[in-house]
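Trainee: Protein sequences, first through last, are from chains A and B. So in the working numbering, the last spot in the first sequence is 1291, and the numbers never skip. So in the working numbering, the last spot in the second sequence is 1291, and the numbers never skip.
No copy is singled out in the list; a pair is fine if it fits within one copy or between any two copies.
25 Å max Cα-Cα, derived DSS-like pairs, lysine-lysine: (1) LYS980 x LYS1257; (2) LYS1176 x LYS1024; (3) LYS1108 x LYS1073; (4) LYS1132 x LYS1072; (5) LYS1108 x LYS1072; (6) LYS1257 x LYS1047; (7) LYS1248 x LYS1047; (8) LYS908 x LYS1132.
Derived from the structure by calculation, the hints contain no laboratory data.
2 protein chains.
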Amino acid sequence: MLNVLNREEAVSLIKEKTAFLIPAAEKADIREACGRVISENIVSPENVPSFDRTTVDGYAVIAADTFGAGDSIPAQLEITGEILMGKNACFTLKRGQCAKISTGGMLPHGADAAVMVEHTDSDGGLCLIYKSVAPGENITRAGDDIAVGETVLKKGTVISPEHTGVLAALGITEVNVYKKPVIAVISTGDEIVAGNPEPGQIRDVNTFLLSAASKALGCDVIEYGAVSDKKEEIENAVKDCVEKADAVIISGGSSAGARDMTVDIINTLGEAYFHGIAMKPGKPTIFGMVKGKPVFGLPGHPLAAYFVFRLIVAEFIKSILSIPPGKPAGSGILTENIPSNHGREEFLCIRLNDKNEIVPLHTKSGIISVLSSAQGFIRIPRNTEGLNKGTVMEIYGL
Amino acid sequence: MLNVLNREEAVSLIKEKTAFLIPAAEKADIREACGRVISENIVSPENVPSFDRTTVDGYAVIAADTFGAGDSIPAQLEITGEILMGKNACFTLKRGQCAKISTGGMLPHGADAAVMVEHTDSDGGLCLIYKSVAPGENITRAGDDIAVGETVLKKGTVISPEHTGVLAALGITEVNVYKKPVIAVISTGDEIVAGNPEPGQIRDVNTFLLSAASKALGCDVIEYGAVSDKKEEIENAVKDCVEKADAVIISGGSSAGARDMTVDIINTLGEAYFHGIAMKPGKPTIFGMVKGKPVFGLPGHPLAAYFVFRLIVAEFIKSILSIPPGKPAGSGILTENIPSNHGREEFLCIRLNDKNEIVPLHTKSGIISVLSSAQGFIRIPRNTEGLNKGTVMEIYGL
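Generate the whole structure from the sequences, applying the supplied hints.
Mentor: Right, dumping it as structure tokens:
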């Protein structure tokens, strides 16, 4: 008989057993890399900006030449030239000199500040400066944004559009990312059908739900489809999937003996490590390894399967991809009392009202529609003696 | 001279001028539809579940037959049969009868509750029931989850993995989604280069950043690339892009006359509606229409361009796709004072500390690296007389 673990123990055990499963790296063009996971720290190969630049339209100056300048007594500087955008400022500014420059223009040697054009007047070769500037004012130094050798993105970062911009600024147009883990999804249950159901049958939801959730986490998916609760069929499905995939998810069956059958099959082909997590929904969750591949047995009810995916399988996927564990997306206060939960950690879909307060979405077992209206979920710890209206709760994103 | 608008006015004006630009619909397989936008309300074609089901393993009963049953005086019912998973329960339960059933099994006619197997004993054809159940207990009625005719997903919903599950439950494997709007991205500036920059030149960041951000919002992108600040070149780029794309984004140029040039070009080819939004960063933002296509002029600095994309262009894209406007992702308290902001609405990247408090990420103009570390941004309204440490601020996601 296998123990029932609590969720943290289950996640730790899975991480420990699967720690060796690090996906290989491959190169990805940053144009196509959003959502992919960086497989090594990215260190800046250069300074950004690569040269000292102004941040205003005006004149590059030696700040000391402007000290004491004001509306009544402007500083007078000789205009030695104009720095054109995109051109090398290949001269040196001497004391008493300034150079016309546009925002983003390259500062000439010697210059250490810029004066905004609004604070100047020019007359032929002379520039009158009505406001003093401090050294460093209105300029960005080479490397101010990103210095050469700086770690800009860490291993395990899921690349966002914003990251793409940072990489482009460094001239990095290709990055090393983890190959997408391949997840095989098997749906089991004598009542589950792929097409239109007859009376007593139901549609296969989990193949779609768990495949989409896996893809959203950056995995490729093998949809094995629905199989009946016959031991041989499930065993063949698992055998086939561990050959082709990096991990296998079996959901169902909901009939009485089916869950023990899945444990038996895993033990026949490999080893089952636990059967049961003290969480609601999600208690009849199974984990084992077959031929070095993790096999997850999820409940048949789609909502329960979803929570186990989100809280157990997703943490496994993140772990092998070096993605930090999930964190709450925010917090809010409860709009109603929640009764005690009898020793199991409980997860409850919620929506937010107009005041961003938490409205729990109570559902019967087997309900799926709540996933179309939920804006997140809350976690009620084990052995909570009920929660009062007004309690501040952390909110997790779906 | 065109007016400077505030952000709300700018967004309203853009929505008004582009309201006719509704993308056509196309069919998408739900396996490939995550991130796509639903183009019409989805109404349930059937009940989910499609039949009355149990939510426990045990016996289907007529609740009234169990009234008064307890540990000392169990109810005695005749077992008329077993309902197999996935099979039609094609008989009618009469008073005094019950039928063996597994979780998810179809309730026979007449039955209105189920008793958990733990509360029963069976002996041949007889079942002893030690706990009474109320009508409706331990069962789900047809349509309890989703009723036929119910709107399950609204037009403008961005399809998530969870929605995929709900659609699968309804047997909907194909949905009508909006065709992806095509956004053309042009980067301008004499200093901008596509390859490796010489001294004084900088890499083209905005093409990558704005393309990736557009794709993340469900658009297709035409990367026009970098063009110099020559009027003819920009004009040709705009002419070309309005032919091929649904909307055009020009970022830059940062040199003094370039912004006016963009306005001139839009007015030559079409009509510019505003030049300037009272926001920081993002003041020199331009909007016009050329041949019925919106043209957005964004600042050249990547961080400023990003904020204008996020707050102006993204709202336009959401608007034509019927996606509700962006909302704050949460809130937190400020860890430091913020000085007054001189009449412009200001946006500031932030990170959250260990206590989920807001740490503003102050940056000089022209800085991009903050986008790799920011966890969101805050909005400081116009004419704020400074904000004190401890103020509760709404947090927006990047």
